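Take the two lone chains and join them into the complex the hints point to.
Order-wise, the sequence lines are chains S and Z. In terms of this note's numbering, the numbers along the first sequence are unbroken and rise by one, the last being 385. In terms of this note's numbering, the numbers along the second sequence are unbroken and rise by one, the last being 1205.
Hint data in this document are derived by calculation from the structure and do not stem from the laboratory.
Across the chosen pairs, the derived CB separations fall in these ranges: (1) Z:Gly1103 / S:Asp78: 55 to 61 Å; (2) Z:Ala1150 / S:Ala101: 20 to 26 Å; (3) Z:Gly1035 / S:Ser138: 54 to 60 Å; (4) Z:Gly1103 / S:Ser176: 32 to 38 Å; (5) Z:Ile1008 / S:Ser176: 50 to 56 Å; (6) Z:Val1194 / S:Val91: 31 to 37 Å.
It should be emphasised that the depicted structure is a prediction, and the values quoted were computed from it without experimental measurement. Backbone N, C-alpha and C define an ideal beta-carbon position, used for all residues, glycine too.
The primary structure of each chain is shown beneath.
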Amino acid sequence: MVLEHLHLHHFKNHTGSDLTFGMQVNCLLGDNGSGKTNVLDAVHYLCHTKSYFNPIDAQNIAHDEAHMLIQGAFTRNDQKERVSCAVERGVKKVFRRNDKAYDRLADHIGRFPAVMIAPADSVLIQEGSEVRRRWIDSVISQFDREYLTQLLAYNKALNQRNILLRFFAENRRWDSEALEPWDAQLVPLASSIRRKRAEFVERFSPAFEETYREITNGAEAVCIRYLTKVSEDNDEFQRQLTEAQGDDRQLRRTTVGIHKDELSLELGAYPLKRFGSQGQQKSFLIALRLTQLAYIEQATGVKPILLLDDIFDKIDDKRVQALMTWVAKGDFGQVFITDTDLQRIPSMFRNIGADVRVFEVERGEVMQHEFEADAVKPGPTTLEP
Amino acid sequence: MELPSKLIEAAVDQMSSLPGVGRKTALRLVLNMLGRSEEQVEAFSEAFLHMKRGIHACNQCHNLTEMEVCSICLDPARQGNLVCIVEDIRDLLALEATGQYRGKYHVLGGVISPMDGIGPNDLNIASLAVRLETLTGSSDKVEVIFALPATMEGETTAFYIFRKLAPLAVEVTAIARGLAVGEDLQHADEATLVQSLRQRLPYTS
Chain S
1 MVLEHLHLHH
11 FKNHTGSDLT
21 FGMQVNCLLG
31 DNGSGKTNVL
41 DAVHYLCHTK
51 SYFNPIDAQN
61 IAHDEAHMLI
71 QGAFTRNDQK
81 ERVSCAVERG
91 VKKVFRRNDK
101 AYDRLADHIG
111 RFPAVMIAPA
121 DSVLIQEGSE
131 VRRRWIDSVI
141 SQFDREYLTQ
151 LLAYNKALNQ
161 RNILLRFFAE
171 NRRWDSEALE
181 PWDAQLVPLA
191 SSIRRKRAEF
201 VERFSPAFEE
211 TYREITNGAE
221 AVCIRYLTKV
231 SEDNDEFQRQ
241 LTEAQGDDRQ
251 LRRTTVGIHK
261 DELSLELGAY
271 PLKRFGSQGQ
281 QKSFLIALRL
291 TQLAYIEQAT
301 GVKPILLLDD
311 IFDKIDDKRV
321 QALMTWVAKG
331 DFGQVFITDT
341 DLQRIPSMFR
351 NIGADVRVFE
361 VERGEVMQHE
371 FEADAVKPGP
381 TTLEP
Chain Z
1001 MELPSKLIEA
1011 AVDQMSSLPG
1021 VGRKTALRLV
1031 LNMLGRSEEQ
1041 VEAFSEAFLH
1051 MKRGIHACNQ
1061 CHNLTEMEVC
1071 SICLDPARQG
1081 NLVCIVEDIR
1091 DLLALEATGQ
1101 YRGKYHVLGG
1111 VISPMDGIGP
1121 NDLNIASLAV
1131 RLETLTGSSD
1141 KVEVIFALPA
1151 TMEGETTAFY
1161 IFRKLAPLAV
1171 EVTAIARGLA
1181 VGEDLQHADE
1191 ATLVQSLRQR
1201 LPYTS
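Excised from the complex, chain Z in its bound form (with noise of 0.2 Å):
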């Protein structure tokens, strides 16, 4: 599509180079801002600024933070013993949605996968093993929990974690997989169900 101007071209590439933004939706989000006044233009772009130069990854568990560390860490009202390893933190947010998990977080930014290019080494796991150990030395229980994706490169991830804090006195689980909660077993696919009977938990009423 040719467009009448070059401006309108740069901020339609600008736009299109968003996830899931094709080059027409572009176009209308583009025309949309283009009918709004100055003012709030330059309020759209400055809270993008404001919030690119205001957040930084929290120094202790990689969250998103205003402060040098986040308020999920602040909390003395969080157990400190207990931390639970995410892929990002769109999952952080999930399980806190939960309002049920009083730990911690560990963030990866990520999961091993040589496919995309991304290696241990582009995880938080280096800061991971140090923050265990500094955990260790001060509290006799503690307890990570491995909440990745069920997926090949999650499982290669936790288990190259897990082999890392091998030489660590922690405690490692994993959430429980398994059937959907208010899902039909005849709708489950085969590899849950499998996992679901091996996994198979004593009953409480």
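Chain S with its partners taken away, still in its complex shape (with noise of 0.2 Å):
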């Protein structure tokens, strides 16, 4: 899948921006503030049908503006696609699908798969467990929309026993009556997510290991592994849910389910939070989305867009040309890179040969440059807003 264009509207500090990107690799190069990040969180807005950076849509509209669009087109399957996203300040946002608005956002999702590498990633490691199951969700989400409808589902049935659980604590009274319905409803979902993660994890966890061992020349050996306590048997389940009342009743919350699971990162069997190098953790990180991307691939057969923000963050030069020359040479398909450096990527890729178009970011204003060898000069094509 290749995003051809690209239209922005009030998007942040982009006033009118219109980009028409290569097939391969596209290089967004400027200081920082200029709206360069802003390009690639557009692509994700596209594919995700929301910011990666701020879930708030009107927060991502320009200051002083009533209202934001984001246009893209597509080729996915060989066929043109146009995505839209408006957002207008205190109304709901309305995305297209080739002129057609989406009655629900959930039907988006997975059709057009991005994956965004970014500094901010590093909540995977540093926060709770609760962005880690975000995580998961999200990349089984992308390729199984059973999933997706079981997890809403969950959280809903979740949501109302934990409102009646707080009605019995406030009430001074106690029906367990009550809240068997609602475990009736909570433990086939749970089941058959409990399932699907688990067997998410055990195909994912040795795929990242081979891309950590080749992004970083197999120095340490990492895994990932999936820890619940929820029973895969569903009566036992239920005991389990029964047994827990009296917790349930103290917390006035469910206290087991699917929505306590873990995912627990290592590093030679050691919590990578605790024991990583700053410059491991990203490279951990790094391996997992481009895990994530492959992973998505083969499951989809659409080959998702690689977003690759601020990457030199926090990881050394020769790092990043190991890493560039895998993604030129690997079957990445289309590729956005942001960089303040001006040189720096495109005289990575000059050797490597790959279909290079480099766009200079100032102020909200993109311009396209010819990729050249040996400096990159302002080219003919310069799209004015």
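Have a look at this one:
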């Protein structure tokens, strides 16, 4: 899948940008705050229906403007596809595919896969288990639509059950019979979600270990493990729910279930968070994202777009060079890279012979450059807003 | 919007308390009312008062009626041992509009949803249990039909009632779910198709 054309209107600091991309590598170069990452985020918006960085749509509209628009022209399975996202302050966002608005945004998820690698990924290591669950959920949802439906249903039933527990506590009463119907909803959903998560990690982890070895030249052993207390057996899980009623009553929320699952990220059998260096953690995250990309491609048959934001953060040029070589030789589809240095990435691709397009971004305006071997000069196709 | 009179303001406040009516629509309706004769307005407001005073729930099925017991419950031609459970009156009216159902009803008055502050005790479930217990004493075959919304809350409510009815000798069925009549397969959502496949029926020509 490739994004051929992108139009931005009042999106963050872009007043009006039109970009025509190359099929392989697209470099967005410019100073910090110039708006290069915003271009990546716009691609993320079209693929995932939301910003990678800021989940509040209205805050992605340019200051002092009432609305924003992102439009993209894709080619997917040899078909031309138009995707657009319009956000107006105080109005629900409208997401369209081929001019037809979606009733449910969830229907768009997975159709246009993209994977972002950004410094903010470190939350996957640093923050609590919720972030890692959100990650595994978003990856599986990319290729398994039933999973997303079940997850939404599970969360709804869980919310209803928790409200009931709070109600009992506030009114000093207890009625386990009233909990039963919610358990009956949760049990089959939890069982299916648990199975799908376990299957996913079982297949994902070996591929991930392999990718990590490749990008670090076999430095150390890594692994991802799925930890859950939910029993594989439905009756047993129902028993777990019943047994936990005492805790639930005290804590006023459901204390067992797949919403308590954890993904353990390990470096040589130790927790990565405490024992991994900054460089090791960064490599871990890059390997995780690249494996995610390969996995989605394998599961859906569509090559996802790779978005690399500020890849030089915390890793040395040599490693990036190795990574770029790997990106260019590998079977990756379209790649978007940002960097503050105007020379570094173009020169890295100089010898690889990849099809590279260079865009210079300054204060929300984008200029396209002809890619040349020795220096980057402004080309004839300057795109004015 | 600043209104020229406190009296109009009060009328607009009342009107906009209705579901689906915003302040602009309320003002339009109120001004229309103002343009009518006094008798007309009196007739209008009296119709509401009379309705409020004259209508109450049927003491058997909780359908709306002017009498103690509603006309459906009183109808001797209807099967008393067939009870269809619905969420509210509008569902009952929809089923009645088909003209195909010859049993009786039980109106729950909502579905269980802690999120909306509705628990089993807020619904007409206890009276259902009592009613069915009496029925099973006098009739050898009693059937209960769940005609509840195909939502998580509807299912939860059905599950709760099903558990409550377990000690009684009643047959429990649920209305079929699947493809809408006249609907194309390709336009049906996935959950509906899955359900239709799972609950497929022997074909009869």
